[in-house]
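Asker: These are the residues of each chain, in order.
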Amino acid sequence: MRSIVYYVREFLRPEWLKKFFFVKTAPLVTPPYFKGYPTLTGKDCTGCFTCMMICPAPDAIAVLRRKEQWEPEVYPGHCIRCGLCVEACPEGVLASGRVTDLARRDATAFWHSFHLEVDESLCMRCGNCCVSCPINRQIDPQLAGTGTSTSDEVIMRVSSGRVRILHEEKCTGCKTCETQCPSGAIRVARMVEGVQFLDGVES
Amino acid sequence: MSILQSIKNAVRSRSIHVSYIDVGSCNGCDIEVLACLAPRYDIEQYGIYVHNNPREADVLLVIGSVTPQWEDKLRNIWEKIPAPKAAIAIGNCPISGCVYARKGSLTTPPVKNYIPIAAEVPGCPPRPTEILSAILSVAPLIFKDYEEKQS
Ligand code: SF4
Ligand code: SF4
Ligand code: SF4
Ligand code: SF4
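Chain order of the listed sequences is A and B.
Per the working numbering, residue 7 is the first one in the first sequence, and the count goes up by one each step.
Per the working numbering, residue 98 is the first one in the second sequence, and the count goes up by one each step.
With the rest of the complex left out, here is chain B (with noise of 0.2 Å):
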């Protein structure tokens, strides 16, 4: 492995950017990503830091079921993201639609569909531990070695 390989696995291993978008939930699951950040699961300690913009963002959250309005932006978000990337479904929304998926209902998931999903993380809404431990058992498989694996 190259000095420079090494070196960006380290850093990448202690700063993980995460960014979360809202694509229709009942903001349930937005609680607990917020509960995340707040002292008791200190999401910092981990090395990952919430910015919210996509530019800088290695970690995508996506949290609820797709309404008609996020068909298109989706895609759009996470084309902004520079690779390597990864995005979790947060929540059963992005999974299955949870209790929104019934006739009549106007939300199209699964997020799937829609963008490439790394790890899903079901619940309604999942605890934050759950949240903490997706994020920190996908972040090695994605990043680590990642411009190796490329070539």
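Excised from the complex, chain A in its bound form (with noise of 0.2 Å):
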């Protein structure tokens, strides 16, 4: 009997009555470092598109000209967060939890490098690729229909009845060459190599 009226009392006190009925686990804040999806600092956004030749996710970040001034636009629904952009840009314009400042603590950095490849059984030497490649008609204006030309500063050029590759270095990954291509005999590759400096200090 005792017991029932110790228990009573007990479950009858206001406040374990107002903690059965109301508790709740502490409000879950977004912690500081939490990887959201990118935002604009502030900085001037050069235009060079580092960040969507990084970006792994089809349709999440575009780079668009906003009257004299370019600024990248992410479209949540197609970014993942990966950060990749925010850490791959040259000028410090995106940001995103803590990801500048450990790339900067770390000394790390993204190289990357283009890989053209031909495919010869498809490639039918229209020469497409080399005279729709902004580059290479930045190098050789006189570049011919056919693809040819006298310059060997050019990226890539059609010679002796097939496209030579001359200078992969000076590809920017524009794949330009590729929605020009008739039968999809050329690739362009992206190639990403993360690198750290040993010194601690950027380059």
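Everything labelled a hint here was simulated from the structure, so no lab data went into it.
Among the hints, a few may not be true.
As the list claims (entries may be wrong) - Think about it this way: if two alpha-carbon atoms lie no more than 30 Å apart in a straight line, the pair counts; the simulated DSSO-like pairs of lysine-lysine are: (1) B:LYS200 <-> A:LYS181; (2) A:LYS25 <-> B:LYS241; (3) B:LYS200 <-> A:LYS41; (4) A:LYS176 <-> B:LYS200; (5) A:LYS73 <-> A:LYS176; (6) A:LYS181 <-> A:LYS49; (7) B:LYS241 <-> A:LYS24; (8) A:LYS49 <-> A:LYS176.
From these two lone chains plus the hints, build me the complex, please.
Answerer: See below:
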């Protein structure tokens, strides 16, 4: 009997009743280091498209020209919040969590280059890739409609019946050649390496 | 407002039954939904219960980009849920197809082509808190005064 009274008294304590009906676990706050959608830091974007190049998710980021200024825009619903664009941007335009802080502390960066490959069995030597490449046309404005060129400085040119790749390192990875190729023979591969500067200073 | 309606409102605000289906995800979002059930996020303290039975569900969480096997079945499951009901797309996959939205991929997102979607929670995967707050903010919009809005 005494224990029943004890329990009834215990459970009728207002504090116990209040806790029983209304207690919740503490509201969950997003930690400050959470890597959310990249936000703009306000620094000037140069429109180098490195962020778009490195982004692994289709249609997640686009660098748009607004009046006189380039500006990256991130699309939720496509962006996977990996933070690669934040780390890869050379101008520090984007920010997300502590991605940039960690990259500075560890002196890490991304190095990228592009590898061009022509499938000889598909290529029909039309020269569209060589003509459409914006870098090629900058280097040799005389570039002929068939993709032949007298300049040795172009990325690629048609010579003796084949597309010859001369200066792969000048490619910016725009993939214009890939979209202009009627037979899908040319492929632009993005090669990205994570590097760390051992002396601890960024170059 | 009728008394019956206010009773229904009160009950529905504290008893939201959730069913989730995976229509072809990488499992990342499933894990985050699972985390909502675990003590740290504790979905039941908000009056949300997970049954995984469409017949007793109010809210359907759709996870994943749609694989060919799901194209006809998704609609069937949606129709089994009694009204009032709402479907929430969890993660990038049902919204855009996420990293699977590429040439040659077999998935056919978005999910809103198959069933009406009331809310979308982007992220790959979204945080459990984002999933929770989506359910909690959609539920009153759909369920409050449902019968009065119908008439
Ligand atoms: S965070 Fe990742 S997925 Fe999102 S825009 Fe940047 S690189 Fe693309
Ligand atoms: S945001 Fe950075 S990486 Fe992207 S285009 Fe601008 S400067 Fe280049
Ligand atoms: S990817 Fe762009 S820059 Fe590179 S070779 Fe093709 S067209 Fe030229
Ligand atoms: S949104 Fe991302 S985490 Fe979620 S199922 Fe799709 S790929 Fe996986």
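Asker: Each hint should be assessed against the structure and marked as holding or not.
Answerer: Here is how each hint holds up against the structure:
no.: 1; hint: B:LYS200 <-> A:LYS181; in the structure: 16 Å, holds
no.: 2; hint: A:LYS25 <-> B:LYS241; in the structure: 27 Å, holds
no.: 3; hint: B:LYS200 <-> A:LYS41; in the structure: 29 Å, holds
no.: 4; hint: A:LYS176 <-> B:LYS200; in the structure: 27 Å, holds
no.: 5; hint: A:LYS73 <-> A:LYS176; in the structure: 29 Å, holds
no.: 6; hint: A:LYS181 <-> A:LYS49; in the structure: 27 Å, holds
no.: 7; hint: B:LYS241 <-> A:LYS24; in the structure: 26 Å, holds
no.: 8; hint: A:LYS49 <-> A:LYS176; in the structure: 27 Å, holds
Violated hints are absent here; each numbered hint is respected by the structure.
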